[in-house]
Amino acid sequence: MMTWIVFTVAAVAAVLSAIGVVVSRNPVHAALNLVGTLFSVAVLFVLQEAHFLAAVQVIVYAGAVVVLFLFVIMLLGVDRDEMLDDPLPFQRPIALVAGGVALFGLSVLIQGTVATGGLSARGPALSGDEGGNVERVAKSLFTDFIWPFEITSVLLVIAVVGAIVLVRDGRRDDADSSEPESAS
Amino acid sequence: MRVGPGPYLLVAAILFTVGATGVMLRRNALVMFMCVELMLNAVNLTFVTFSRQLDDIGGQVYVFFVLVVAAAEVAVGLAIIVAIFRRRQGATADDLNLLKG
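These protein sequence lines map, in sequence, to chains A and B.
Position one of the first sequence corresponds to residue 1 (the numbering used here), numbered consecutively onward.
Position one of the second sequence corresponds to residue 1 (the numbering used here), numbered consecutively onward.
Please note that the accuracy of each hint is not assured.
Derived DEER-like restraints, expressed as beta-carbon distance ranges [unchecked claim]: (1) 83/B / 91/A: 31 to 39 Å; (2) 88/B / 142/A: 24 to 32 Å; (3) 99/B / 2/A: 49 to 57 Å; (4) 4/B / 157/A: 39 to 47 Å; (5) 100/A / 4/B: 21 to 29 Å.
Which residues of chain A face chain B? A partial, calculated answer using Cβ under 8 Å [said to hold, decoys possible]: (6) 21; (7) 35; (8) 37; (9) 39; (10) 69.
Just so you know, these hints were derived from the structure itself, not from any lab.
Computed from a predicted model, the values in this text were never measured in an experiment.
Don't be surprised by glycine CBs; every beta carbon is placed ideally from N, CA and C.
Start from the sequences and build out the full structure, keeping to the hints where you can.
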């Protein structure tokens, strides 16, 4: 019974915050609503005994990613309300209809929820006597998934280098650039 | 009393739909990015639900990788938005029509 109460509260909070992300005109409010959704999803992770992922979700998503969003919003100064006139007025109802169709299709898909197949060879998530959730994730991550895990480090390095290259001010290197000086 | 996989999948479906609709509705590139994060989170919730239902830890490891890719995507994507902002004032997706023939 207690599980149902926690689930209902977290699910309603997640959906309401998600709608808040979409409908709020101010990007800062959207980011704060995003924190609510991410935290509620973390609660749902805890309910499903994925404790490690819940912690990572709060630290990485609700912490780092949203702070990065807010940092960019403040840096660019777009924390004012969006303009109301829409260059493509017919797109809004079409988007709503498409969203409704997608929700209907997904609901039909999860009606049967037939997850076939037996238990995997990668090790159990819940049953088994040894270790908790964190230990099981670590065991699987550092044995079966060690090669993808190493590749993610390369991916992160590429992302960091790419981000720096993208926002670097190139005018200092090539002085004879024909690019006009911006007013900033 | 245990909550079965059905309600979790329904929440994930609603979150995904809201995120997809947000990408189609909004004009601000930053808010579109946030809606993409919503969709990623819905998929993560589905992964964790099936991980519990099938009693397979692999689903949770996949979610870990999705988190890493999402972090990298946010870093690069926000850098692109900052670079765009330097050239033209405004983060409206409709103004970015350089590739239009």
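Status of the hints after comparison with the structure:
Range check, residue 83/B to residue 91/A: about 26 Å between beta-carbon atoms, so the 31 to 39 Å window is missed. Evaluation of the 24 to 32 Å hint for residue 88/B and residue 142/A yields a failure: the beta carbon distance comes to about 46 Å. The supplied range of 49 to 57 Å is met by residue 99/B and residue 2/A, whose beta-carbon atoms lie about 54 Å from each other. A hinted range of 39 to 47 Å holds for the C-beta pair residue 4/B and residue 157/A, which are about 42 Å apart.
A beta carbon spacing of about 25 Å between residue 100/A and residue 4/B agrees with the range 21 to 29 Å that was offered as a hint. Contact between residue 21/A and chain B, as hinted, is supported at the beta carbon level, the nearest pair being about 5 Å apart and thus within 8 Å. At a threshold of 8 Å, the smallest CB-CB gap from residue 35/A to chain B is about 10 Å, leaving the interface hint violated. Of the supplied interface hints, the one on residue 37/A holds, with its beta-carbon coming within about 6 Å of a beta-carbon of chain B, less than 8 Å.
Interface hint at residue 39/A: violated, since its Cβ lies 11 Å from the closest Cβ of chain B, which is beyond the 8 Å cut-off. Nearest Cβ of chain B to the Cβ of residue 69/A: about 7 Å, under the 8 Å cut. The hint holds.
Checked against the numbered hints given earlier, this structure breaks hints 1, 2, 7 and 9; the rest are met.
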